[in-house]
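Residue numbers (our numbering), protein chains in the order written: chain A, 1 to 307; chain B, 308 to 569.
No wet-lab data here; the hints were simulated from the structure.
Warning: the hint list may mix true and false statements.
Taking lysine to aspartate or glutamate and the EDC-like style, the derived pairs with C-alpha atoms no more than 20 Å apart in a straight line are [said to hold, decoys possible]:
| hint | chain 1 | residue 1 | chain 2 | residue 2 |
| --- | --- | --- | --- | --- |
| 1 | A | Lys254 | B | Glu562 |
| 2 | A | Lys258 | B | Asp484 |
| 3 | A | Lys177 | A | Asp54 |
Simulated DEER-style distance windows between Cβ atoms [as the list claims (entries may be wrong)]:
| hint | chain 1 | residue 1 | chain 2 | residue 2 | range |
| --- | --- | --- | --- | --- | --- |
| 4 | A | Glu236 | B | Lys313 | 38 to 44 Å |
| 5 | B | Gln510 | A | Lys258 | 48 to 54 Å |
| 6 | B | Leu326 | A | Asn75 | 27 to 33 Å |
Some chain B residues flagged as far from chain A (calculated, every beta-carbon gap over 10 Å) [stated by the list, open to error]:
| hint | residue |
| --- | --- |
| 7 | Phe345 |
| 8 | Tyr365 |
| 9 | Leu392 |
| 10 | Lys420 |
| 11 | Glu435 |
| 12 | Asp484 |
| 13 | Leu488 |
| 14 | Thr533 |
| 15 | Asp564 |
The beta carbon of each residue, even a glycine, is placed where N, CA and C say it ideally should be.
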Amino acid sequence: MSNPRTFQIQEISAHPGPVPGQGTRREEQVCKYIDVSTCIGCKACEVACVEWNDHPFRETTFNDTYQTMPTTEWNYYNLIKFAEDERDGNLMWLLRKDQCMHCEDPGCLRACPADGAIIKYENGIVDFQQENCIGCGYCISGCPFDIPKFHPKTKKVYKCTLCSDRVGQGLEPACIKACPTGCLKFGTKSDMVQIAGLRAKQLREESGFADAGVYDPPSISGTHVIYVLHDIKRPERYGLPSNPIIPPSYTYWKWLAKPVGLWMGLLGIGAVFFHRILYGPKLPQPEPPIEKTGPREEIEAGRRETP
Amino acid sequence: MSATAKDFDERARGKFAKLGTTRIHRGELLRHPVYTRFLHWSVAIFFILSLVTGFAIYSPWIFRWVAPLFGGGPRTRVLHPWFGLLFDFFFFFQFLNWVTPMTWTKSDRRWVKKIRSYVTNEETMEPEEVGFFNGGQKLYFWAIVLSGVLFLITGLLMWFDNLVGRWIVAVSYVIHDLAALLMLAGFIIHIYEGTAHQPGTFQSMIDGTVTEKWAWTHHPAWYRATTGRDRREGYEREKRRQDERERAIARSEREPDKREPL
Chain A
1 MSNPRTFQIQ EISAHPGPVP GQGTRREEQV CKYIDVSTCI GCKACEVACV EWNDHPFRET
61 TFNDTYQTMP TTEWNYYNLI KFAEDERDGN LMWLLRKDQC MHCEDPGCLR ACPADGAIIK
121 YENGIVDFQQ ENCIGCGYCI SGCPFDIPKF HPKTKKVYKC TLCSDRVGQG LEPACIKACP
181 TGCLKFGTKS DMVQIAGLRA KQLREESGFA DAGVYDPPSI SGTHVIYVLH DIKRPERYGL
241 PSNPIIPPSY TYWKWLAKPV GLWMGLLGIG AVFFHRILYG PKLPQPEPPI EKTGPREEIE
301 AGRRETP
Chain B
308 MSATAKDFDE RARGKFAKLG TTRIHRGELL RHPVYTRFLH WSVAIFFILS LVTGFAIYSP
368 WIFRWVAPLF GGGPRTRVLH PWFGLLFDFF FFFQFLNWVT PMTWTKSDRR WVKKIRSYVT
428 NEETMEPEEV GFFNGGQKLY FWAIVLSGVL FLITGLLMWF DNLVGRWIVA VSYVIHDLAA
488 LLMLAGFIIH IYEGTAHQPG TFQSMIDGTV TEKWAWTHHP AWYRATTGRD RREGYEREKR
548 RQDERERAIA RSEREPDKRE PL
């Protein structure tokens with residue numbers, strides 16, 4: 001894609017005043033904003049997601065909650081979690097829209113061994129390329145949010161794409177479009193962080209949620225899906241890890257020890273080759289020692305086999 | 308080793324001896340019977356298949372070269388655990404077959420201490436006490452036993468990753484790789500020692516036999532146990548014959564007209 005800045009007007013002939021839009025910079029990082037405090041659990045986003053991605057409806061498991069199913073699935077990227085909590089002795093529903101967080105430092109991408117199966121765009125969207133997926137499932141163990149899901153028939157892993165196909169055409173993700181309360185917003189990362197900050201402040205100062213805050217975990221360099229939570233001190237209540245981390249083996253082992261291992265193999269082959277050249281074979285004894293001096297015929301005769 | 312396992316191994320040897328034959332020529336000794344050779348090559352085939360498919364997944368630098376050999380990345384991924392299981396399956400019987408001669412002894416410790424002179428070829432012959440296997444071979448065998456167990460445990464954990472936690476998978480992956488690197492190092496040395504470094508060894512896994520010279524050079528205690536002769540006797544006799552031959556060759560070259568038919 002061409003750089004949109006290329007055709008930004010820099011100078012205009014005989015134009016009085018400043019050039020309109022000069023020096024404007026486009027922010028590339030996108031972000032989804034989710035305000036759990038205004039979510040009503042209508043599941044419109046779930047339906048929109050299934051429809052846009054053209055997924056078949058699937059059977060669900062009823063587990064005594066209003067949740068559509070226990071977890072997200074390979075063809076159900078978007079799920080509202082209905083966690084039950086207590087506030088002032090009354091039931092309080094914590095409705096959290098669960099989907100891929102599009103981490104700035106994606107654990108799935110770090111863990112993946114297949115060339116080109118997981119990519120991260122400059123705008124922050126993490127996308128799976130199923131044609132390159134080998135179905136090993138390492139991404140599942142790399143993800144701190146339990147998002148990638150294995151499809152047993154195709155043997156590939158699927159997850160929310162943040163509607164990269166829609167975003168590429170300048171549209172917002174399907175879930176955002178469907179949300180009736182405005183608890184979902186989509187825009188640049190800085191805008192969303194600012195709006196989320198304002199909303200958290202409002203919750204703290206006007207609604208009596210003293211611990212309200214924004215969930216944008218720094219342990220994975222932030223995410224491209226951020227939440228406004230009533231209680232930022234205990235994200236576990238919403239089913240979010242307070243300190244999401246990628247197993248260090250996927251970082252250090254993969255990028256440090258893997259090339260070392262490959263070199264070990266190559267050097268090992270080289271080592272035995274040169275050992276053979278330098279030290280020679282270990283022959284069954286007695287083997288007559290080859291004379292270093294003396295006529296060639298004698299050496300050849302000494303080498304001749306005994307019957 | 309339990310009596311049942313030993314009994315099973317004996318019967319398997321007997322069955323395979325009927326399936327195949329080992330021709331032992333004059334001056335040769337039986338080193339590996341048909342059953343052992345069958346096991347060794349079954350283990351070898353599935354080890355190599357596991358190694359190659361595993362390395363494709365292990366290393367991003369060779370993934371695009373190696374994965375197509377097995378029908379692409381997904382097929383490589385599907386085949387790898389099955390190759391691994393078959394490797395472990397055959398190695399289990401190899402273990403029963405070899406656990407007795409592979410038992411670690413004090414002489415193996417002495418062998419390991421003197422490994423330098425072995426590697427540099429300073430010692431042209433193995434020490435008198437080296438039996439059917441030397442210390443290095445035993446180390447490799449027990450390294451395979453260890454790796455085989457690690458491969459199986461960590462491999463199953465990664466295979467059925469939906470049943471275990473993500474941290475278990477992340478740790479298993481490192482252990483699986485470390486075991487593979489240990490195996491790779493041993494494998495390179497094993498092939499080298501069995502072919503280029505020690506002429507006459509490869510024959511023992513193909514035809515099942517070795518020459519007596521090879522036997523007293525590399526496994527003197529085994530030579531003594533099999534033939535009932537001391538290594539020194541065989542060595543001296545061979546040396547005398549060799550000297551006589553050399554003298555005869557020298558004589559016939561000095562006086563070509565008096566050459567006798569050899």
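Item to complete: List in ascending order the numbers of the hints, as given earlier, that are violated by the structure.
Response: The structure conflicts with hints 1, 4, 5, 6, 8, 12 and 13, although it agrees with all the remaining ones.
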